[in-house]
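S.K.: Residue-level listing of the chains:
Protein chains: 2
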Amino acid sequence: MQDGTLHSPGNFEETIILRGDVYAAQCPTRQLLDRVGDKWSVLILTLIGEKSIRFNELKRNINGISQKMLSQTLRSLERDGLVIRTVEQTMPVAVSYGITPLGAELLSTLQALINWAETRMNAVSAAQILYDQRKETD
Amino acid sequence: MQDGTLHSPGNFEETIILRGDVYAAQCPTRQLLDRVGDKWSVLILTLIGEKSIRFNELKRNINGISQKMLSQTLRSLERDGLVIRTVEQTMPVAVSYGITPLGAELLSTLQALINWAETRMNAVSAAQILYDQRKETD
DNA sequence: CAGCATCCATGACGATACTG
DNA sequence: CAGTATCGTCATGGATGCTG
Chain B
8 MQDGTLHSPG NFEETIILRG DVYAAQCPTR QLLDRVGDKW SVLILTLIGE KSIRFNELKR
68 NINGISQKML SQTLRSLERD GLVIRTVEQT MPVAVSYGIT PLGAELLSTL QALINWAETR
128 MNAVSAAQIL YDQRKETD
Chain P
8 MQDGTLHSPG NFEETIILRG DVYAAQCPTR QLLDRVGDKW SVLILTLIGE KSIRFNELKR
68 NINGISQKML SQTLRSLERD GLVIRTVEQT MPVAVSYGIT PLGAELLSTL QALINWAETR
128 MNAVSAAQIL YDQRKETD
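If you're matching them up, the sequences are chains B and P in order. So the first sequence is numbered by the numbering used here: it starts at 8 and just counts up by one. So the second sequence is numbered by the numbering used here: it starts at 8 and just counts up by one.
If you are wondering where the hints come from, they were derived from the structure by calculation, not from laboratory data. Computed from a predicted model, the values in this text were never measured in an experiment. For each residue, glycine too, the CB sits at the ideal point set by N, CA and C. Among the clues, some could well be false.
As the list claims (entries may be wrong) - Derived, one-sided and incomplete: chain B residues facing chain P with beta-carbon distance under 7 angstroms:
id, residue
1, G44
2, F62
3, D87
4, I91
Said to hold, decoys possible - Some but not every residue of chain B turned toward chain P, in silico, with C-beta under 7 angstroms:
id, residue
5, L40
6, R86
7, T116
8, L120
9, W123
10, A130
11, I136
12, Y138
Claimed, not checked - Here are the simulated DSSO-like pairs of lysine-lysine, each with C-alpha atoms no more than 30 angstroms apart in a straight line:
id, chain 1, residue 1, chain 2, residue 2
13, P, K66, B, K46
14, B, K58, P, K66
15, P, K66, B, K142
16, B, K142, P, K75
17, B, K46, B, K75
18, B, K58, B, K46
19, B, K66, P, K46
20, B, K66, P, K75
Working from the sequences, and respecting the hints, build out all of it.
M.R.: Shown next as C-alpha cells:
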C-alpha cells in the first residue's frame, strides 16, 4: 500500500488540522511534478544536459521562450541544485549553465518518460479521436 | 542532437510561419507533461492502477479533490485511452474505472520518476536551503 | 550579454448548487 | 451514486521596458 506517494490515502485520525493543499505541498512527488510539469524546465534541462551552455545560446535554441521565463526557470533549477551557474569575469560577463550530478540523475529518469511520449503519444492521439467520434454520434 | 524532443532546436528556414505555441502544442512530450503535470492525474492513475475502483471510492481516497476535478480528470484520462470506464446497470448505477494496457505502460514509466522523487527530493530541499541562505547573506 | 521589474491576459482549479 | 453547470479566484506565463 506504500504510503507517501503523492497524497495517497493515508489514514490519519486528526484530519481536521490537515488541509488538502498543505498535505499536497509537502509531497515530494507533487513538488517534482510541479517542476517538470511547467512549461520550460524539461526542455532547458535537456539542453543543458547535452553540454554547458550560455544564457543567450539557450534563448536562441528555445523557440518561443521569453527571457523572463528563461531567467526564472534557470533560477529555479539552480535553486533546486539541478543546474549550476558559472560566471566568467570577462568583459562583458559570460554566464554559462551546466548540469549537476543530481540534475543528470533526474534527466536520465526523465528520458524514459520522454521516450514513452515519443513512441506512444500517437496511440493516445488515436484514442482521443475515437473518443471524440463516439461523443459526436449521440 | 535528436530532434523532436519538446520543441528542441530544429533548423527550419521558414520560421516565420511557425509560432512558438503552435509548435509546442504539437510536441508529444509537451502534451504528456501537461497531462502528468496537472494536479490530480498521476495520483488518480496510481490508484486506478492498483485495482479497478468506483468514483466515490476514488473521491474518498483522495484527500482534497473536488468532484469537479475528479470527474474532469477521469474524463481526460479516459479520452487519452489510459483508463476505461465501466457502467454496471444496477440500481442505482455503479461506475468503475480500470487501467488500460496503455495506461499501465505509462504508469510503470512514471514509477521511476516517483521513486526518484521519493528518494532524491530531500537532496533538492537541501539545495534549496543552501541557495536561500546564500541569498540572505548579501 | 545577462538579466530584473512591472503589467496584464488566460486558464487551472475550488466552491457551490443542481440532476438522473 | 455519479455526475454536470456556473462562478470566482489565483497562479502561470507573455509583453514590454529598463540596467550594469
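S.K.: Decide, hint by hint, whether the structure agrees.
M.R.: Structure-based check of all given hints:
no. : hint            : in the structure
1   : G44             : 2 angstroms, holds
2   : F62             : 15 angstroms, violated
3   : D87             : 5 angstroms, holds
4   : I91             : 10 angstroms, violated
5   : L40             : 6 angstroms, holds
6   : R86             : 4 angstroms, holds
7   : T116            : 5 angstroms, holds
8   : L120            : 6 angstroms, holds
9   : W123            : 5 angstroms, holds
10  : A130            : 6 angstroms, holds
11  : I136            : 10 angstroms, violated
12  : Y138            : 4 angstroms, holds
13  : P:K66 to B:K46  : 29 angstroms, holds
14  : B:K58 to P:K66  : 45 angstroms, violated
15  : P:K66 to B:K142 : 25 angstroms, holds
16  : B:K142 to P:K75 : 20 angstroms, holds
17  : B:K46 to B:K75  : 13 angstroms, holds
18  : B:K58 to B:K46  : 21 angstroms, holds
19  : B:K66 to P:K46  : 29 angstroms, holds
20  : B:K66 to P:K75  : 38 angstroms, violated
In summary, the structure is inconsistent with hints 2, 4, 11, 14 and 20 from the numbered list given earlier, while agreeing with the others.
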